[in-house]
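S.K.: Sequence:
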Amino acid sequence: MNFLKVGEPFLPNKTNWPEKILYTSENGAHNLIIFMSNPSLEEIESVRNGQHSFGLFVEENITFLLFKFEPKIKWSDAPFIPNANGEIPFFAENNQVPMLNILYVDSVTGILKTYRMIGLEEKFSNILRESISKQLLNTINPNNLHQRINNIYKKYPRSEMMLNNAIFNG
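Residue numbers (this note's numbering): 9 to 178.
Please keep in mind that the hints were generated in silico from the structure rather than gathered at the bench.
Accuracy of the hints is not assured; some may be wrong.
[Unchecked claim] Lysine-lysine pairs mimicking DSSO-like chemistry, simulated, CA-CA at most 27 Å apart:
{"#": "1", "residue 1": "Lys-162", "residue 2": "Lys-131"}
{"#": "2", "residue 1": "Lys-80", "residue 2": "Lys-142"}
{"#": "3", "residue 1": "Lys-28", "residue 2": "Lys-13"}
{"#": "4", "residue 1": "Lys-28", "residue 2": "Lys-162"}
{"#": "5", "residue 1": "Lys-162", "residue 2": "Lys-76"}
{"#": "6", "residue 1": "Lys-28", "residue 2": "Lys-163"}
{"#": "7", "residue 1": "Lys-142", "residue 2": "Lys-22"}
{"#": "8", "residue 1": "Lys-142", "residue 2": "Lys-131"}
{"#": "9", "residue 1": "Lys-76", "residue 2": "Lys-13"}
{"#": "10", "residue 1": "Lys-162", "residue 2": "Lys-142"}
{"#": "11", "residue 1": "Lys-28", "residue 2": "Lys-80"}
{"#": "12", "residue 1": "Lys-163", "residue 2": "Lys-80"}
{"#": "13", "residue 1": "Lys-142", "residue 2": "Lys-163"}
{"#": "14", "residue 1": "Lys-82", "residue 2": "Lys-13"}
{"#": "15", "residue 1": "Lys-131", "residue 2": "Lys-76"}
{"#": "16", "residue 1": "Lys-163", "residue 2": "Lys-82"}
{"#": "17", "residue 1": "Lys-76", "residue 2": "Lys-28"}
{"#": "18", "residue 1": "Lys-142", "residue 2": "Lys-76"}
A quick note: this is a predicted structure, and the numbers were derived from the prediction, not measured.
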């Protein structure tokens, strides 16, 4: 990931994005990138400093990160999308805590509104590692991956519907 600065474009020369949420990895790091149009100050502050909760949901061997940031960002989800080389993100080992980078971007302007790093608990991290490793071992071509994700969203159209079968951080 390039050097990022709050208040500047997420990517140089790109001023708008579709509203979407990505959970991916780059250089071994976990990245949750949230693109929302015209986020309010309360939403930005919720991501920046709000109490957070994370969950893990697996369906059809696809890992979904569930999250919320109180009080304004309610339960949402993002499927894990491997990077092009299938690199596995860093996980807890030798008492180290893997970090989740959260980037909140205004999709209309492309401006990074806030950035936050949160440590994942070791037990949750180990379950996440196992789930992502299984997903990567069962290589899915990108078209098939997106089709399977769409099918899962037909079954679970709202993030809250995934909570009953989720494992939580903490």
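S.K.: With reference to the structure, classify each hint as holding or not holding.
M.R.: Do the hints match the structure? See the list:
no., hint, result
1, Lys-162 to Lys-131, "30 Å, violated"
2, Lys-80 to Lys-142, "33 Å, violated"
3, Lys-28 to Lys-13, "20 Å, holds"
4, Lys-28 to Lys-162, "17 Å, holds"
5, Lys-162 to Lys-76, "21 Å, holds"
6, Lys-28 to Lys-163, "19 Å, holds"
7, Lys-142 to Lys-22, "34 Å, violated"
8, Lys-142 to Lys-131, "17 Å, holds"
9, Lys-76 to Lys-13, "23 Å, holds"
10, Lys-162 to Lys-142, "23 Å, holds"
11, Lys-28 to Lys-80, "17 Å, holds"
12, Lys-163 to Lys-80, "25 Å, holds"
13, Lys-142 to Lys-163, "22 Å, holds"
14, Lys-82 to Lys-13, "25 Å, holds"
15, Lys-131 to Lys-76, "19 Å, holds"
16, Lys-163 to Lys-82, "20 Å, holds"
17, Lys-76 to Lys-28, "15 Å, holds"
18, Lys-142 to Lys-76, "25 Å, holds"
Hint compliance for this structure: hints 1, 2, 7 are not met, and every other hint is.
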